[in-house]
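J.: Here is what each chain is made of, one letter per residue.
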Amino acid sequence: MNPNNDTEPYDYLFKIVLIGDAGVGKTCIVQRFKSGVWVESQASTIGVDFCMKSCEVNGKKIKLQVWDTAGQERFRTITQSYYRSANGVVCAFDLTRQSTFLNVEKWMNDVSKFCEENVSKLLIGNKCDLTEERAVSREECAKVGSYYSVVDYIETSAKDNTNIEASFIKLATVLLEKHSSSNLQQEPNTVFGLGSRTKPVKSTCC
Amino acid sequence: MDQKSSAKMVVYEQEGVFIHFCIPGSDDDKMLGGILTIFKDDEHSYLQWKPYDNIVTPPPAEHEAQVLSVSSSAVVGEDKQLDSSAFNHEITSEMRLPTPEVALDPDWTMVAKDAKKESSTDESFDLSMDVLSAESQESNSPQYTFTIPLEDIRCIKKSKKGVAWAYLLLELADGASLPTLHFHQGGSKKFWKVLERYVTTTKSLRQENTIEITPLNQNALTQSFDQLNLFGDSSFPTLGGKFLENPLTSTFNHFSKVTNFLQDFLNPAETTPLTRPTNERASLIDDATEAVGSSRIQFKQEGEGSAGFEVITCAELGPRLHPQRGKPISPEYWTSHKDSEGRITEVEQIKKDIFRGGVDPSLRKEVWKYLLGYYKWEMTSCEISELRRNKEEDYYRMKLQWKSVTPDQETRFTPLRENKSLIDKDVTRTDRTRTFYEGKENVSLKLLNDVLVTYCMYNFDLGYVQGMSDLLSPILELMGNEVDAFWCFVGYMDIVQHNFDVNQNGMKAQLRDLRTLIQFLDPTFFDNLIEKDSKNLYFCFRWLLLRFKREFSFENIQTLWEVIWTGLPCDNFHLLICVALLDTEKPILMDKDCGFTDILKHVNGLSGKIDLQLTLSKAEGIYLQLATCQRDLSDTVRDVVGLSKQTKRKQENEN
Ligand SMILES: Nc1nc2c(ncn2[C@@H]2O[C@H](COP(=O)(O)OP(=O)(O)OP(=O)(O)O)[C@@H](O)[C@H]2O)c(=O)[nH]1
Ligand SMILES: [Mg+2]
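Those sequence lines, one after another, are chains A and B. If you read the first sequence in this note's numbering, its first letter stands for residue 1, the second for the next number, and so on. If you read the second sequence in this note's numbering, its first letter stands for residue 1, the second for the next number, and so on.
Check the hints yourself; a few may be wrong.
To be verified - Lysine-lysine pairs mimicking DSS-like chemistry, simulated, CA-CA at most 30 Å apart: (1) A:K113 / B:K189; (2) B:K535 / A:K34; (3) B:K508 / B:K535; (4) A:K113 / B:K532.
As the list claims (entries may be wrong) - If you want the ones that stay clear, here's a sample from chain A, every Cβ over 12 Å from chain B, calculated: (5) P9; (6) G71; (7) D94; (8) F114; (9) N118; (10) V136; (11) C141; (12) V151; (13) D152.
Simulated from the structure, these hints should not be mistaken for laboratory data. Yeah, the Cβ is synthetic: ideal placement off N, Cα and C, and Gly gets one too.
Working from the sequences, and respecting the hints, build out all of it.
T.: In structure tokens:
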């Protein structure tokens, strides 16, 4: 079986987890990024889903494994288990709903709890097409972003296809720099920081 | 040498270390709990296991307790098969409990080092577990204590990760094995730590999970196991055939050296740690050789290489049937099952037929109301009309409650506001490709919204959780009106609401139960999931939360749900459906290239591609397999598939 439908070689594989409140548009963002389409009535995400997308940064072939998690509060215990070994996190909120912005704090706390310390974070304010309904100012968002030392704060619209690809490329670039500068040159087709072996799994016996 | 006479220093002590026994001619088996110690005297270090003062019988034990006997070579005839009738002797209950005095008096069954040389001539390996030594015949206290010098351990095979508790298989220098030690209360890690202080341990290259022990004192190697008088002395055959019918006896008979009797634990038995999963019990009856083969423990004779034991780990289930699926129940069938006043007759049979083939689409609207407990089967048409009037009133009363909250009020009513906002988000995302819900200003969306918000008022403690809209959508479409849809939905939520609990305990329990089943039914697959870091089964989360709603077409999910709603053959039939689905996908999921992410991806991608009838038939087949070997199931498995309830019910009926 070939889950990714593309076996093209790549230089780096990064795992990116997409988090944020229910309905902020995470699945739409992933869909837009992955296939360039806009599906208005995407079903809510139950558990997690993921997709792969390749891109090129600085002449390197990068494969991004994007994990789309459920935003519903109650499913957090499940989704948190997928944070492990993420190289990057995209935390999204809905520019038209202040509560989703206020919850960025909760999500960032989860990140510090469940992700590796050096994970790269990106803050996204989605639905920027709805300018009339905007509920938070860009300054506020940027401030919160820098408070959590995100690599960038970007406003996006999955609907209008604004900054979607740019956001992922931005994160990929940062990850690439980080990992090539730390001199952890990976063999092609080596999963970067992925899978179960990055952290010692607690053994249940002996 | 009397142990008490030399200074003994205990360096490790662990309670709750169990040995598991098979009991011949009985459906239950025994475990003997005890204390494992490592102690040393001036010269040597020893490993000792000493039973507590009684035998733990897993509940429910209706039979008379029987005590395991492990033979000495004295009892064992060469290659002679034991008479099967000999296995059926019972030990009377008075033997069950030892007297406290004996229990309190530690009986150090120690190796007399100086006595060794004389006895070491006996070729036929003398491993005896002294069931009833002379004095214990009186006290009825079986003494199973064994003590061995650490140097005599050659290697230790560890349990794999992920079993309910760790267990260790100790193989001695001369190729014999000790009874498997099950660390029910943990402590195996510490055991290693301590052990490493006294011997050198190296990972075996020949065998997985095995640690080879190199003694610090090479001389010790000359000791042979038979000199250790492992299980006390052998005044034992005095009872004649009575205690010798044990299959282990014959096991020793056939494989005179290896006594690795019991084995690997596959079952989580999380809730009942004292119950050994009985599926692993040797099916001991007639033929000792067979018993060995079928008990999933394979003994290899010496000469085949000393690392020769192997634990076979697959559930012993009968062949899987593939029950035929049936036709949906028809309108004629349904009418013929109504009496003149509209009561439904032969409800159990109807449920069986629905389980077998579902419901004709033209009948669903009515039948679902019964299946979901909105209508009661025994109600007359008149009573139903009245019920509907009341329920309608009830619904609109609750609807009015939230409808009359003004937007201003709502600004100070956060819980309601938040629920409404979540519902709003989901209503626009639920089944929008279906004609019924399609389009922007579709009235169905409003109905979906209103039923969900009203449900919040009905069950405010739970509120709205994502996934509920998926469960409501097919019901609403079928019913076509909010009142009936609401009350059917209430019935459905009554069944599944714990899946939506704030603490997620319901989902956790379901995942745990599913794990129990997989682990029991297909240990190899389960091991594979462990290896792939997927044993939490989170990839089944959506199946369970939405009762497969996203995995099947609209038509099929209706059939699937009505089948599940019959409650047949057990409340957890949906878990068996999960097992069936995984069983179908197993070849792909177990592929070495299919890792953690691929499993998730593959399972998510099954949506819309599943053969419903085949899956239902397989799930039922698995249930029947379990039901057939019912008495061999661990309590945990039995609980999950509702067989304990049945047994109880049967017993109650009999009484
Ligand atoms: N106007 C506008 N609407 C958007 C945009 N992105 C998403 N939406 C809408 O927001 C709603 C939720 O989008 P999803 O992508 O399903 O949200 P999610 O974050 O994945 O939600 P969960 O899966 O529940 O965690 C959908 O109804 C989309 O139509 C956007 O950029 N602009
Ligand atoms: Mg989503």
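J.: Hints first: check each against the structure and report whether it holds.
T.: A quick look at each hint next to the structure:
no., hint, result
1, A:K113 / B:K189, "holds (28 Å)"
2, B:K535 / A:K34, "holds (29 Å)"
3, B:K508 / B:K535, "holds (13 Å)"
4, A:K113 / B:K532, "holds (23 Å)"
5, P9, "holds (16 Å)"
6, G71, "violated (8 Å)"
7, D94, "violated (10 Å)"
8, F114, "holds (14 Å)"
9, N118, "holds (22 Å)"
10, V136, "holds (16 Å)"
11, C141, "holds (20 Å)"
12, V151, "holds (24 Å)"
13, D152, "holds (26 Å)"
Of the hints listed earlier, those the structure fails to meet are numbers 6 and 7, in rising order.
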